[in-house]
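First to last, the sequence lines map onto chains A and B.
Numbering (this note's numbering) for the first sequence: 6 to 116.
Numbering (this note's numbering) for the second sequence: 4 to 882.
Worth flagging that the hints you see were computed from the coordinates, not collected in a lab.
Among these hints, one or two may not hold up.
[Unchecked claim] Computed footprint of chain A on chain B, listed as stretches where at least three residues anywhere in the stretch have a Cβ under 8 Å from a Cβ of chain A:
| hint | stretch |
| --- | --- |
| 1 | 23 to 31 |
| 2 | 36 to 43 |
| 3 | 59 to 71 |
[To be verified] Subject to a maximum C-alpha distance of 25 Å in a straight line, what follows is the list of computed SDA-like cross-link-like pairs (lysine to any residue):
| hint | chain 1 | residue 1 | chain 2 | residue 2 |
| --- | --- | --- | --- | --- |
| 4 | A | 82 | A | 65 |
| 5 | A | 49 | B | 54 |
| 6 | A | 49 | B | 321 |
This structure is a prediction, so every number in the text was calculated from the model and none was measured.
Here a beta-carbon is modelled for each residue, glycine too, at the ideal position from N, C-alpha and C.
Now for the letters of each chain:
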Amino acid sequence: MDPHNTDVIQGTLDMLILKTLSLEPMHGFGIARRIEQVSRGVFKVNPGSLLTAFQRLERAGLLDSEWRQTENARRAKFYTLTRAGRKQLDVETADWSRRVSAVARLLKAEG
Amino acid sequence: MSLWRQLAHGFGALTRRTASKQQIDDEVRHFYEETVAAHVARGLSHEDATRAARIEMGNPTVVAEEVRDYGWENLVATSLSDLRYGVRVLRRSPAFAMVVIIVVSLGSGAVTTVFSAMNALVLRPVAGVGSADRLLTLSPIRSDGLILQQGSFADFSYLRGRSETLSEIAAWGKVSLTIAGPSEGTIVWGNLVSANYFDALHVRPYLGRFFSSDEDRTPLAHPVIVVSHAFWSARFGGNPDVVGRSILVNGHPFTLIGIAPRTFRGIYTGVRADAWVPLMMQPLLRPRADLATSSWLWIFGRLKDRVAIESAQAEFPALMTTHARESGEARGPAGFRSMRVFPFTGLPGGEGVIVLRFLGVLLAAAAVVLLIAGVNVATMLTARSIGRARELAMRAALGAGRMRLARQVLTEILLLFLCGALGGWVLSFLATNALERVQLPVNFPILMELSPDVRVLIFAIVTALAAGVIFGLAPALRAARLDITAQLRDGAGDGRWRPSLLFRVLIVGQLSLSLVLLVSAGLITQSLVRGQQIDPGFQMARVVTTSFEAESWGYDQPRARAFYRALRSRIQSMPDVLDVSYVSRLPLTGGSTTEDIDIGGATIGVQIAAVDADYFSTLRMPMLQGRTFLGIDDERSARVAIVNDSLARHLSSDRLVIGQTFRFLGKPTTIVGIVGDAKYSTLGESTPLFAYFPIAQLWQPTQSLLVRTEGDAESIGPAIQQLVLALDPAVPRPKVSSMKDATSIVLLPHRVAALVTAVLGAVGLLLAVVGLYGIMAYSVQRRSREMGIRLALGAQRATLVGIVVREGLTLAVLAIAIGLLLAAGAAQAIKGFLFNVDPFDLATFAGMALVFLLIASLASYLPARRAAVSDPVSALKAE
Chain A
6 MDPHNTDVIQ GTLDMLILKT LSLEPMHGFG IARRIEQVSR GVFKVNPGSL
56 LTAFQRLERA GLLDSEWRQT ENARRAKFYT LTRAGRKQLD VETADWSRRV
106 SAVARLLKAE G
Chain B
4 MSLWRQLAHG FGALTRRTAS KQQIDDEVRH FYEETVAAHV ARGLSHEDAT
54 RAARIEMGNP TVVAEEVRDY GWENLVATSL SDLRYGVRVL RRSPAFAMVV
104 IIVVSLGSGA VTTVFSAMNA LVLRPVAGVG SADRLLTLSP IRSDGLILQQ
154 GSFADFSYLR GRSETLSEIA AWGKVSLTIA GPSEGTIVWG NLVSANYFDA
204 LHVRPYLGRF FSSDEDRTPL AHPVIVVSHA FWSARFGGNP DVVGRSILVN
254 GHPFTLIGIA PRTFRGIYTG VRADAWVPLM MQPLLRPRAD LATSSWLWIF
304 GRLKDRVAIE SAQAEFPALM TTHARESGEA RGPAGFRSMR VFPFTGLPGG
354 EGVIVLRFLG VLLAAAAVVL LIAGVNVATM LTARSIGRAR ELAMRAALGA
404 GRMRLARQVL TEILLLFLCG ALGGWVLSFL ATNALERVQL PVNFPILMEL
454 SPDVRVLIFA IVTALAAGVI FGLAPALRAA RLDITAQLRD GAGDGRWRPS
504 LLFRVLIVGQ LSLSLVLLVS AGLITQSLVR GQQIDPGFQM ARVVTTSFEA
554 ESWGYDQPRA RAFYRALRSR IQSMPDVLDV SYVSRLPLTG GSTTEDIDIG
604 GATIGVQIAA VDADYFSTLR MPMLQGRTFL GIDDERSARV AIVNDSLARH
654 LSSDRLVIGQ TFRFLGKPTT IVGIVGDAKY STLGESTPLF AYFPIAQLWQ
704 PTQSLLVRTE GDAESIGPAI QQLVLALDPA VPRPKVSSMK DATSIVLLPH
754 RVAALVTAVL GAVGLLLAVV GLYGIMAYSV QRRSREMGIR LALGAQRATL
804 VGIVVREGLT LAVLAIAIGL LLAAGAAQAI KGFLFNVDPF DLATFAGMAL
854 VFLLIASLAS YLPARRAAVS DPVSALKAE
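For reference, chain A alone in the conformation it holds in the complex (with noise of 0.2 Å):
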């Protein structure tokens, strides 16, 4: 287990799942998964705040979701970006980068 692995940041996780299912549909591990795999074991997602925050995302409209058979033949519940996602999506991404360079030139300032 990596010891450095990191909470994700308060209020990013809806972010990081509707970019992780503006790929293709998932299941639940599935993007825990993806989200540990592409940070490289800096995120590790909670599976209890994940589920929470579908529950809380499907019924703000921004998630669709389906039980389906797995690629090894288990039921689970599969989740599809709306459109009502889709755009959420860019408006976080644009905020985020907008943080973010923010942030970053305040700590450039401060050096």
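Based on these hints, arrange chain B on the given structure of chain A.
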């Protein structure tokens, strides 16, 4: 949309609770299995993979719980389970629950009853009227600033065509109607109305039609009548064929054209109207010469769409000024300056405000009882939460969050208060029922519909729940703030328990509040007693009275005069009868008539009454100068008047007024006598300037008969009834009562207030004393070990009693100090309501404090004695 989705999902999850739970469980299990599989794929054994997954994910059940907690519907679900748990807990201690519910019911019942009366009399829209919020009452303001309820026909017909802000202006006046039946006539309370009356009120006929505009133009041209649904059912058996038929009204044929809807009983709260006739029929039904200019019509209007009430108010001063100029009337103090608009209620003009203010005082008193009840319950709940500490600590130890525990306890408390609200609602039903049955000394059909409706139920629930939150929050939070280990280690407590600060504050609070009620009740009761002792300036004992409305029998003036004369002489010849007289309006019944007199170039507004020759001797009013009225002062002789002492002094400082002449209603009138001052409309009034005129010269068809007897006042009633019916069998049987009863309405508000505050004071005292007793008993019980040790060590029982009683009395004395201060504030607030009573009446304050101290000592002594007689051995063994 998002809210909709939230709701839809929530309801979906609620209705398919097991299905949605299953889905979440499945999803969590899938996640878990995949994690295990991933570890196996990395080369771990199945067992190690399972362990690793467990460590990584945590307990799958806990994860599922966490996910399930999301969403508003879970709040509902946990509240429901709190409620279920609460019901179970309370069912385990039914005695406690019953006591709390009874206490809350008493408090809630008090406020709900008063609010119910308030709602019925003032707040509730008049039954049967459509869009009442757009209706306005128009009340004339006199030049001297007095606001009257009624205006004149001239005012009404001038305003009717000219207002820019009101779409309809309608008017109505009361009229007594005797509707002939197969055998005997029925006297009903009728309304003379303008033709647009029903239209303005948005009332549609149940059957037939209402009045048309041509029935509003020509006097006496259209004898038509509308009757109430109730009258139609009772009198005509609900037969629809009677519409269009002719019926005899006051002896004249009228065509019955319509039936009013069932709910509509006129627009004056408390009085049931049974028939409506056009204003144009007034000369036939109320044949009086002065109805065009005297004030006898209630005027109301309907606001045009999108017009504010302020613009209506702004319109009238100019209109009325023009009206006064055009009508060419020189107006004295009793002349009208403008119309004041009020929101339309069943109590027109300022009357609703007066009733509201009166009931507001009672509501405040009732609220104090609810406050006492709330404090009382808070004490019980706090005591109980100490008793339940072990259970709550156990639940906390098993992982219940503090907020969750507090919410659970608060749910239980609110459940109790909700039951109390329902109890209070039921109590208010019983109380208003009892109030409705009270016979009022008035001569019109009373319709007291005080019973609570849905609005009152909502009020009861809201106030009780608010009280529940206010008084339950502290005990609930206290329950959540427990020291778990201490409680579980030693559930019995340390045995040195004394009432905590919170307890003492609560007890002192309720004791002092109940003292406030007691003092107020004492002051108001004294005011009532003093009111009954006020010398009205005449003697009512052994005088009986009844009233006659000769107009409603279809009598014209000569016939009515003959009737009154004949009746008087027959009563005079009865044995035991000392004096007989008539008066136009019985004194001390709340009303008065004011007219202008012109004397020495000045115009003075004076109150007037028309009286018969022996009026002053019948009421034993002293003649100060001059003569009384005589039989010769009739319609053919010169006009005369008698003034009261105040008017005589007003006219001339040494009362040299006999023989002076003034103009009254256009006629020269000579003052022939001065009579002593007396109360006229109310007992609290300052003595008015008053003039009496012979009833033969100032003719009034409606007269009250006064008979002074030497003998039994009770038995003379039937004899008078027989004499009346012997004169004319068609006349409705008169109701004869003692003058004391007939004028008792003048003290009615005080009587009601004294009764209500006394009942509330008693309930408040009972609650507070039970609270004190309860807490002392509880304290003694908790300290039984201490008491046992003290006894075992040789303490005298009397010493122990002293310790406990002193504790109770300390609280009581503190409560008395605070209560008296608060009572002084309350007395200041009700000062205007008390007559001849000093709001800081020392005797009342001291007396109530003493009564209070005695009761409080008893409430502390009884538990103390129980402590002292307890057996030390068993007390020590008990733990």
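- Message: Run through the hints listed earlier and report the numbers of any the structure violates, in increasing order.
- Response: 6
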